[in-house]
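Asks: These are the residues of each chain, in order.
2 protein chains.
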Amino acid sequence: MKTYIQKKQMLIALLVIISSLAVLSFINGNGIKKASAADPLPSWNDGLLKSSIIDYVQKATTANSKGFIPVEDRIATFDNDGTLWAEEPTIELEYAKLAFKKMIKKNPSLAQQQPYKAIIQKDKAYLATVDESTLAAAILKSLSGTTEEEFEKSVKAYFDTVHYVIQKKIHPVIDARYQPQLELLDYLRSNGFKTFICTGGTIEFVRSISVKYYGIPSEQVIGTKLQYKFDEDSRTILREGKIASICDKGGKPVNIQWHIGKIPVFASGNEKSGGDIEMLKYSQMSKYPSFQLLVNHDDAVREFAYQEKNNASINAAMVNKWHVVSMKNDWKTIFSTP
Amino acid sequence: MKTYIQKKQMLIALLVIISSLAVLSFINGNGIKKASAADPLPSWNDGLLKSSIIDYVQKATTANSKGFIPVEDRIATFDNDGTLWAEEPTIELEYAKLAFKKMIKKNPSLAQQQPYKAIIQKDKAYLATVDESTLAAAILKSLSGTTEEEFEKSVKAYFDTVHYVIQKKIHPVIDARYQPQLELLDYLRSNGFKTFICTGGTIEFVRSISVKYYGIPSEQVIGTKLQYKFDEDSRTILREGKIASICDKGGKPVNIQWHIGKIPVFASGNEKSGGDIEMLKYSQMSKYPSFQLLVNHDDAVREFAYQEKNNASINAAMVNKWHVVSMKNDWKTIFSTP
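Protein sequences appear in the order of chains X and Z.
Taking our numbering, I'd label the letters of the first sequence as residues 1 to 338.
Taking our numbering, I'd label the letters of the second sequence as residues 1 to 338.
What the hints contain is simulated information worked out from the structure, not anything from laboratory work.
Glycine included, every Cβ here is placed at the ideal spot set by N, Cα and C.
Treat the hints loosely; a few may be bogus.
Which residues of chain X face chain Z? A few of them, derived with a C-beta cut under 8 angstroms, are [claimed, not checked]:
(1) Phe151
(2) Glu204
(3) Arg207
(4) Pro253
(5) Trp258
With a Cα cut of at most 25 angstroms, we get these calculated DSS-like pairs of lysine-lysine [unchecked claim]:
(6) Z:Lys194 / X:Lys212
(7) X:Lys212 / X:Lys169
(8) Z:Lys287 / X:Lys212
In isolation and in its complexed conformation, chain X is listed as follows (with noise of 0.2 angstroms):
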């Protein structure tokens, strides 16, 4: 399981947490248009990625197309953060931090301990040099001993109280989803796909929120496990304050397959980290026809601008013929803010 742990991806996660930047701002695009029959993606502008999606999901479901899938195989998988909805700030990293300064409230001598010191004071030096695995842990032991029960009352109250700002405007974390792919996932939907999500986050926090902002049932949330034991006494799951496998890069097609046993057709991910290079690559190897479509985060104005230090995705995706959302050029609309 060792070979699961990438404490690299733990450090970033950590860095975010510590990294008290101010709550950026989303910008948000106008008026959302209800898909229709004549057009069901109203918020991608018309084009050539439009047509193509249109055309995939037309052959896939027309019988004696040569791009046929039967309905059993129409399986999509998407990624979450930076993919449905915002990841500037990524909101689970948001959410962890808060848990972080609830424990350490609880239990106030902690801020006296290292690493917990070092993360409070911001002391990056410490932080430079000490050893991944022990930022990993702290973070983790947060999680220890929780049942699923009162991880879901704790996710819930979040979601319920937090806001985001978006426009100069505070919303509700629900607004950071997009738009555009809010109507992707209900056009698969309505075509007889199996919509799952696929994330890098921990399963249950999405899970929490996956039917309300997706329509996605818990049990098509695929995502990064924690371990857990089965209390006897109590019948409850516990959680270990360990991850049991990241759900990232190339765990992406290992969960799928623990999950699915399928390889999805219709697969879309992100750039920022490479962490959808594989899970892409892998919806490549179907024997259907398939579809991989790759956010790009061009729009500095209605969103952000960013870009990998080495471009990976976006150079797998023109090395293997990838669908490229340019945010800026293909969504009318980027937030489903009402």
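On the provided structure of chain X, position chain Z as indicated by the hints.
Replies: Leaving out everything else, chain Z in the frame of chain X:
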């Protein structure tokens, strides 16, 4: 992960593999009736158990009833071996036995190496003293490096060619299914329940027949997970020859949490190894009215009569007021043999 590798279970598995028992006879009941609207469970004898099932389902689906369950929470989990099909001999272990023989045929020098030598020569003295993990590793090695596609082909060939002896007649393996349980699965589904398999068997083995045998899609099969890696060059999932998580005993609730994220309201298992006790206990923690169904193998004439050494499953059923199926008294027909 180490905690999940329950070595004892691997030993039990191996002992079954090496005991080259003649194929046991399945004794089959008569005529299979199709379920009708009047009687959704025609292969169940009328009585308290049958009426309890029907009463539970009717209340679960009646709005304003005290027992009503929203459709999205109508989650049912069924064990497979001994619950949905016969387990004397265990069908997956019959497959493993063949895979093992093939491995030695491909690499005959293995036959001179331990523990393979002892297995072939049925060297009980060696096998009684060897470290269990050595044996487990030997079995798992036979699955290492295979792609899922190769495995699927191999399993398909197995189910297409291997036969079972039922009532002294040769039958395809499919006939080892329990007809009353097939009717129960259908009945639950026609009332909005989502049916899952939760098996101690390896997930891909059971998936290979889940649609055809039980009408359950691959994404609704939960089972023992093998450790995989995504191979970047071939873009395929490779088996690493290790177990990631055993879906038995306390591993069943854990795997249900990972896969579904909800407590099943209906759970069915069987007595033999005590492997379903935790799943049934967990199901009882649902906030909705729940139903636990334990199959008791007490029909020496039409199936088998076997009992756990410590009788733990039946005792747990008594203490926790679970429903116990007496195969002898409650089932009019046992097998799905046409």
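Asks: For which of the previously enumerated hints does the structure constitute a violation, in increasing order of number?
Replies: Per hint list: single violation, 1.
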